[in-house]
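**Student:** Each chain, written out:
There are 2 protein chains.
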Amino acid sequence: MRVGIDAMGGDQAPAPQVQGALAARELLGAEDRIVLVGREEPIRRLLDDADGDWSERIEIRHAPDVIGMDDPPVETLRARPGSSVAVMIEMHRDGELDACISAGNTGAFVAAAQMRLRRLRGVHRPGIAIITPTYRGPVAVCDVGANVNCRPKHLYQYAVMASEYVKAVAGIAEPRVALLSIGEEDAKGNELVRGAHEMLRDDPHIHFVGNVESRDLFGGVCDVLACEGFVGNVVLKLMEGMAESVIEAILSELSASMPDQVTMIRAAAGEILAKYDFNEYGGAPLLGVAGICIIAHGASNERGIMNAVRVAGNFATGGVNERIVELLAAGQGTAP
Amino acid sequence: MRVGIDAMGGDQAPAPQVQGALAARELLGAEDRIVLVGREEPIRRLLDDADGDWSERIEIRHAPDVIGMDDPPVETLRARPGSSVAVMIEMHRDGELDACISAGNTGAFVAAAQMRLRRLRGVHRPGIAIITPTYRGPVAVCDVGANVNCRPKHLYQYAVMASEYVKAVAGIAEPRVALLSIGEEDAKGNELVRGAHEMLRDDPHIHFVGNVESRDLFGGVCDVLACEGFVGNVVLKLMEGMAESVIEAILSELSASMPDQVTMIRAAAGEILAKYDFNEYGGAPLLGVAGICIIAHGASNERGIMNAVRVAGNFATGGVNERIVELLAAGQGTAP
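Chain order of the listed sequences is A and B.
Everything in the first sequence is counted per my numbering, starting at 3 for the first residue and increasing by one.
Everything in the second sequence is counted per my numbering, starting at 3 for the first residue and increasing by one.
Mixed in with the good hints there might be a few duds.
[As the list claims (entries may be wrong)] Think about it this way: if two alpha-carbon atoms lie no more than 25 angstroms apart in a straight line, the pair counts; the simulated SDA-like pairs of lysine to any residue are:
(1) K190(B) - P75(A)
(2) K190(B) - K190(A)
(3) K190(A) - P75(B)
(4) K155(A) - R312(B)
(5) K155(A) - R153(B)
(6) K169(B) - P75(B)
(7) K190(B) - R268(A)
(8) K190(A) - V223(B)
(9) K155(B) - N149(A)
(10) K169(B) - R312(B)
(11) K190(A) - N149(B)
(12) K190(B) - N151(A)
(13) K155(B) - E250(A)
(14) K190(B) - P83(A)
(15) K190(B) - Q21(A)
(16) K169(B) - G300(A)
[What the hints assert, rightly or not] Among chain B residues calculated to face chain A with C-beta under 7 angstroms, some are:
(17) V76
(18) F232
(19) M244
(20) A251
(21) S257
[Unchecked claim] Pair by pair, the computed Cβ-Cβ distance ranges are:
(22) P83(B) - G197(A): 26 to 34 angstroms
(23) E273(B) - G139(A): 27 to 35 angstroms
(24) A332(A) - H64(B): 58 to 66 angstroms
(25) D204(B) - R80(A): 28 to 36 angstroms
(26) G197(A) - R118(B): 24 to 32 angstroms
(27) D51(A) - E250(B): 38 to 46 angstroms
(28) R123(B) - A331(A): 50 to 58 angstroms
(29) G139(A) - D204(B): 29 to 37 angstroms
(30) Q14(A) - E273(B): 31 to 39 angstroms
(31) A175(B) - S254(A): 21 to 29 angstroms
(32) A175(B) - N151(A): 55 to 63 angstroms
(33) P83(A) - R203(B): 51 to 59 angstroms
(34) E77(A) - G97(B): 52 to 60 angstroms
(35) E193(A) - R120(B): 22 to 30 angstroms
Rather than coming from a laboratory, the hints here were simulated on the basis of the structure.
Think of the CB as a built atom: it goes at the ideal place given N, C-alpha and C, for glycine as much as any other residue.
Chain A on its own, in the form it takes in the complex (with noise of 0.2 angstroms):
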């Protein structure tokens, strides 16, 4: 397979992006490649400072502009169309990628794809999935912010969609689904719940388990989780803020009553934080648009490019598309 990656975006970027790409080559099988996509001389310059022969796994492509990260994103894409994520979806949609991978702009890259690649069939509307590390393991939130209204439909959908890739991306036979909601009982939550609900709760195809209040994210009890995409990107922001809130409060209480061991402290404190580093999973895919689009984080390093690559195949291998749009026509989903 070709797997673009956006060489332009990224808080680092290129060279996180460039080194990522030369470490995802020990991924890729004979004939796959990864395409930079980019300003062409600092990232051949880039390459060339690397050991060995590139350009037996990797290419480039020339895109002159960029797109910044606080740029606004729909605007910024029609004034610059020859800017590097613009330039990768184009190719994914013309043939020329078979995935694309952007720790860019993420308001400009879901707008990109969701412009210019179809939906898949049956696919009201597409959504991001992410997998939140938990302490007692994974749990894929869909949506976290490609939109920020839906209905039900939608929302089922999310969960059928997210529940296809968390089977080929984290092993897991049959993922156990469910709603995010603000109180257990099924009566709870709002309009846009209950109606996923009842969709959910009829579909044989789903493993479904019902609403779940937001701290239950934390107590093994789903493997995804569906939720419109404001509270999804809420949820997923103050996960972030407070992991990193309450580690910098526990080590400052443990360093003032146990100043001989802060190393350790600090070691199991990295421990923790690993277990939630984003780099570990490389990335989020953009769920229902024809095609592999993935969102690395903006502050991504070189594993975690690598481990967005990783993503890709999976989610190539695993046919989580294909099964997504036989999941949509077996069940309900795609009705108007």
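Position chain B against the provided structure of chain A, taking the given hints into account.
**Tutor:** Using the frame of chain A, we list chain B on its own:
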């Protein structure tokens, strides 16, 4: 003032409620009284078990029925007009109580208050404001679940009401007010947030600092965070669940690597958890009703109930309701 306590509401009721009432006597002035509402016989027995004469400061009002923590709120309220929470709210409505507190079924308490108390002049919809402890200081989040759908004017009013509340109970002279969104730029978020943003930006009585992301809750950037009730409830429960989960994780890592220090590590973790302890804050008011209704955590202990009495007192002496009416009349928040 006369403060009612729902003696039958709470995970362990009536014991912590009665103990809390006894402890709260030290907060009372000569004319103040606490009224325990619920089944007279068990309440009286618990009071009589305590040292000294309780009857100088505490009264009992018999109510024959109880609403359980998991009973469907509205249906059960209708079916049991003699429940402690219904009787207490009626006493409040009729002027027999100046404030009321329940650690019982939140839905039933909120529904009873919304059905039987008037709204403050100008208020469209009440909201629950909870003070969430963070390591960089408390933040009042409103609404955390009184209503699951809202429009911009409701969100605006939550911000105004919670701002007045934190002035009175947290002693913050000019609270920094923010809107919870999923991007810090003004144009991001959803229609609800964009609408409320304009109203808050244009109100000279509010110290509006703009939109914040959920991770900023821990960054000390705002004192009040306004959000829709579904999202607010998700945030609240996620924080509870995650504080426990992260601390459990770090204790487990540290205890493995430093087995001799387990006692000291647990003590430090206790310090952290104390900062996140809901009992410190006593309870969350239902803002916007013509009355003082303090929702305490179901697991409140004696100290939690006593602190809820303190919150009710600060709320009354701070003139929160009067200030809310004035501010809404001065601002634009009463527009239909």
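**Student:** Report the numbers of all earlier hints that the structure fails to satisfy, in ascending order.
**Tutor:** Violated hints: 2, 4, 6, 7, 8, 13, 15, 16, 17, 21, 29, 32, 33; rest satisfied.
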